[in-house]
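Assemble the complex: chain A is given as a structure, and chain B must be docked to it using the hints.
Heads up: the sequence lines are chains A and B, in that order.
Quick note on numbering: our numbering labels position 803 of the first sequence as 1303, and the sequence is numbered without any gaps.
Quick note on numbering: our numbering labels position 124 of the second sequence as 127, and the sequence is numbered without any gaps.
It is worth saying that the hints were derived from the structure and are not from the lab.
As the structure is a computational prediction, the values presented were derived from the model and not from experiment.
Even glycine gets a Cβ: it sits at the ideal position worked out from N, Cα and C.
A few of these clues could be false.
[To be verified] Covered stretches of chain A (in silico footprint by chain B; criterion: 3 or more residues with CB under 8 Å from a CB of chain B, positions within the stretch not fixed): (1) 934-942; (2) 1253-1259; (3) 1283-1296; (4) 1351-1364.
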Amino acid sequence: MLLHWLPLSAQQADSILARHFKPARQQGTVLHYIQEITQQTGIPVSYSSNFIHLNRKVQLTGTETTTGEVLNTIFQGTGIEIASVNGKIFLLRDISGTQYYTISGFVKEKNSDEAIIGASIYDPVTRKGTISNAYGFYTLQVPDTCSQIVFSHVAYETVLQPLPPPDDGQLDIYMGVRHSLQPVVINASAGDTVLLHGGYINMPVSYLNSYPALLGEKDVLKSLQFYPGAGSSLESSSNLLIRGGGADQNLYLLDGVPIYHTGHLFGLFSIFNGDAVKDVSLYKDAFPARYAGRLSSVVDIRTKDGDMKEWHGKATVSPVSGSALLEGPIIKDRTSMSLSLRRSLVDVLYGKNFLRDYGKYYLYDINGKVNHILNEKNRLYFSFYKGQDRMNIASDNPVILLFDDYNFAWSNVTAALKWTSVVNPRLFTNTTLTYSRFHNTFSQNSLIPLSFSDSLFVKGVGVSRVRDIAINNETEYTLNNTHKLSFGGGYTYHNFAPTSYRTNISAGEAVKRDAPKYYMSEINLYAEDQISLFDEHLIIRPGLHFGSLVQKGSVYTSTQPRMLIRWKFSRDQYLEASYAAMAQFIHQLSTPVINLPTDLWVPSTDVIKPERSYSYSLAYEKKWQNDWRLSIDGYYKLLSDIVTTNTVLNIFDNSDLWEKKVIAGKGYNYGAEFLLEKTKGRFTGIFAYTLSWAWRQFDRVNGGRRYPYKEDRRHNLSMALKYQLSPVWSVSATWKFASGAPFTMPQQIFPDLDWAKNINGYLDERYSPFSTYQVNYLPFFTGLNKYRLRPVHHLDLGTTVQLGTKTKFRHTINAGVYNIYNRSNPFIVSFDQFSYFNFDAVYPLQLYQYSIFRTLPYLSYTFKF
Amino acid sequence: MMRLIKYTAIIALLLAGCETELPVPPGNGQPRVVVYSELTAGEMPQLRIGKSKLVTTGVDNGFELVPNANVQLLNQDGTLIETLSNVPDPGDRMSVYSGKTKLQSLKTYRVKVEVPDMKPVTASAGIPGNCRVELTDTLRTTLNGRPVLRFNLTVFGQPGVRTYIVMEALKQSALVDSFFTYNGVRYNIAANEDLYESVKGQPGVVISKDTTFLNDYLRIPCYTQDENADNNQIGGLNENYNSILFNQQGKPLTTNLYINATALSSNQIEAIAPKGRVLVYIKSVTKEYYDFLLTYEKVKRNPGLNSLIQAVQLRNNTVGGLGIVGGNNQVVYKLYYDDL
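Only chain A is shown next, with the shape it has when bound in the complex (with noise of 0.2 Å):
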């Protein structure tokens, strides 16, 4: 900092500067006081506008009664030396002849006001800066040297903001969107700041158009998994896998609610409509304080507030989906909403036959949004979002053999009430109320053989839901450009109810157990700290979690500490190092590796503990002229009490004991990522590679030695190319490439022990659910995991038109072909798992491979206007 200012001791000793002055009003600006001292005291002021803002406001404290003190007042802090020389006073700039001052406001798109994210604020010339919250706040000290700053942001035109600013208010600053022959660029500006490193990845939503689609379904969470180190499970599947992972440790937050289930469609799809989604964040590691609650990563989701200045809409249509967006003013300039559909028409393009031999399925989503400007400095927003998948199998489907009728439901609704508020120039404060419940319904009809002619009728309906309140607030200190404060907390109150089943049957003698229910309380603090010293070359950013969760028979509590430190070589390239301790308060117990809505959330009892993650990571960035990015990651990760069952829940049933079927153990992941990102020019592209291992090790699984984690994939490969023929013609291409996943094959199989002792029999549905019969073997497993699927890698090649750019209705025709080379990729592999046999019947045993998709167009329309 260069504030110097004289010191009022030696001011009084002046005679000019000690002469009686008493302003008439104790507030307005720099000029109107330097004018009331000379005319009322006849003293002439000398001064140069070059370095002293004149129109900035200030307020005296009505205390000053002399000139000097006045004076003093007015240029606290801002490095102006007052001194008086032959009867006149003059105001001098310090000895490092810079002075500074703050310039605060919000970024927001132009033409609809919606709040920018991530936009970079800088000065050209020393390229120190700071980039726009998730609000589109930013605060800034400048020097008086500056005579403009730069306004960037990856999907708007750059505006270059005069200074001083016009007058001392919040300087707002309004960017037009970027034209379309401009691409899209990740990453990329002068004005990175600490938030911007190897471990975090910020998309535009625009992003998610640039590249082809499974079905032209453009998704959030696939389009993430272009970068290192975040794969999924199974081919083309919106599970998100962050640094060797489970899928329930990414914390989602979708406006900052957070989201339990995230996928549609048995996790093909996410949830997350990208028509209503503004902005995606990812943090892989160095993760800010403020976050909380996950191991392994954040999604931090920011819906559209919707046009302050005129209604537009949207709407697409393909052979599977539709989806609508209209948003727009309620009252110009002061109330905007934004409200998106989204539907699966499987269920109402393909007739009754469809339905009948396949099962009726349907999915949709709604998202809402309402943003009030109270004033200047406050903001109301509410969101809502509700998501809903339905799925009926009959058993007498001609298609499918099944003995049972099947009825799917799940479904989220979020609700988030958001006050933003400007307290003063460098604090930034905001409070949300949030709601999220999760709700999944399984029923089953089933008729089980009693005898050759007696059966019983079984009508079941399981239920499993979360539910959350919870209120939080962050503020944002910035005391000045190299030196940032970030504090607040947050309480929830969780409701967990995580299966709860009922039964037309009598229950006869069986003990009849209430479904278990948890309620329990979670409090969370932080405190961050973000410091440059060395002229910014160095960057360190230590912060402090704490978290507890109280509920009735236990008490935990958690202490995170978090630490980055960023050493800048120079503008373009950085090493970065990072230290996160993390906790995780609730689980997710599952089985299959797909994205099941079945798979139950528990919280941490009594009998077990929060799962807790260490991770460690370095990290080294270069950019060339904004065109190119280079980054290398390597990461090491401990996990300890992380959860997993031994045996297969029954999810539906409350005499399940589900805290005797979990059992803890650790987790080691490890790896290093490689990412090389062309972001300007007609030619785009990602190469990413990322080279990985994750075990496990529990005490009573595989003999208490370690194993490769069910999601362990050595090599992931992705390569996104985009060319821009011309403004309106873009065609694109993708190739993924992700290693096999680990499966336990016996190596050997022996007699079964009931086939060897002549012992038969399966009454009461016992064995296998798709057959009554059962095998005469025993799988032998000399180790867990060792065996691995065929590769998952396929080519989508993609095009985009866009017609009408110049008229009020445009049109937008997407098209393209998912795995162009008509790759067959393990969706499930099955060693004679679904066979038909007898007990008694020797036939030969296979492996059976079964895919999802082979080669698949996709066409969409888009009408905008």
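Here is chain B on its own, set in the frame of chain A:
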């Protein structure tokens, strides 16, 4: 009621159109000798001997008998008690070797099995002390809509020793032959039906029955509602199991055992349950056998043979081979619902 697996099955079936057969990768290692035996106090030793198969290209699920094994029962110190002999039976799925030594409780036995060209197998098991059971009452009732037979019982283990209790029920098939004696000659009724019909009313014709219990069993599902049962580690309390498992330190165990009552008696119209007798076992077993049965229940519910589900490894105590040799001290209730 394993819905989770059903989800997987449904998905697999939905994908059946995209099924590809993959070659089983070439396996390595050598097949092992498989030994199953329950060394039961008061009974003669009986071992089932078989061979495992390498999972490799061309493997099938057929298992060969092992008539040429050298099977020995040894004392704990390795001295030979007897060599067991193979008595082939057409119904055998594994080769059965039997001995004549009456096994004693609280004694540890070793078994040694040698099969030509295969690695020898050894295992040992100490037979637990007497297990006393007080059966308070039985009751026909229902459990979640199913007809069941309830046993209210108390098991007294050895004082100061952890007792591993296994409860299970089987129905053993019986062959009932009817005969008639006419003019001093004994005829099988089924084979001489016409003659029987013509003479059955005559004086001097004596009808008799001959019941043979077969080496053929039907497993009767068992249930428990006891939260202390280790079945809670496997599934829910409303599910059915091969066996109900408890481990109890020192004190008596009082609980209700439920067995499915559908198959208690046979029905001539329905072949679901064979004619025979019901055997209800209350066993005190060795820890290794208990652990095997616990994992066996898991494997039977989830063989773990597809890539979506984590496999479960079976416990065993056979050195050099596969299988289990368990010590057992049991009480058996024999129930006769069928007219034999």
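Hints, one by one, checked against the model:
no. : hint      : result
1   : 934-942   : violated (count 1)
2   : 1253-1259 : holds (count 7)
3   : 1283-1296 : holds (count 4)
4   : 1351-1364 : holds (count 3)
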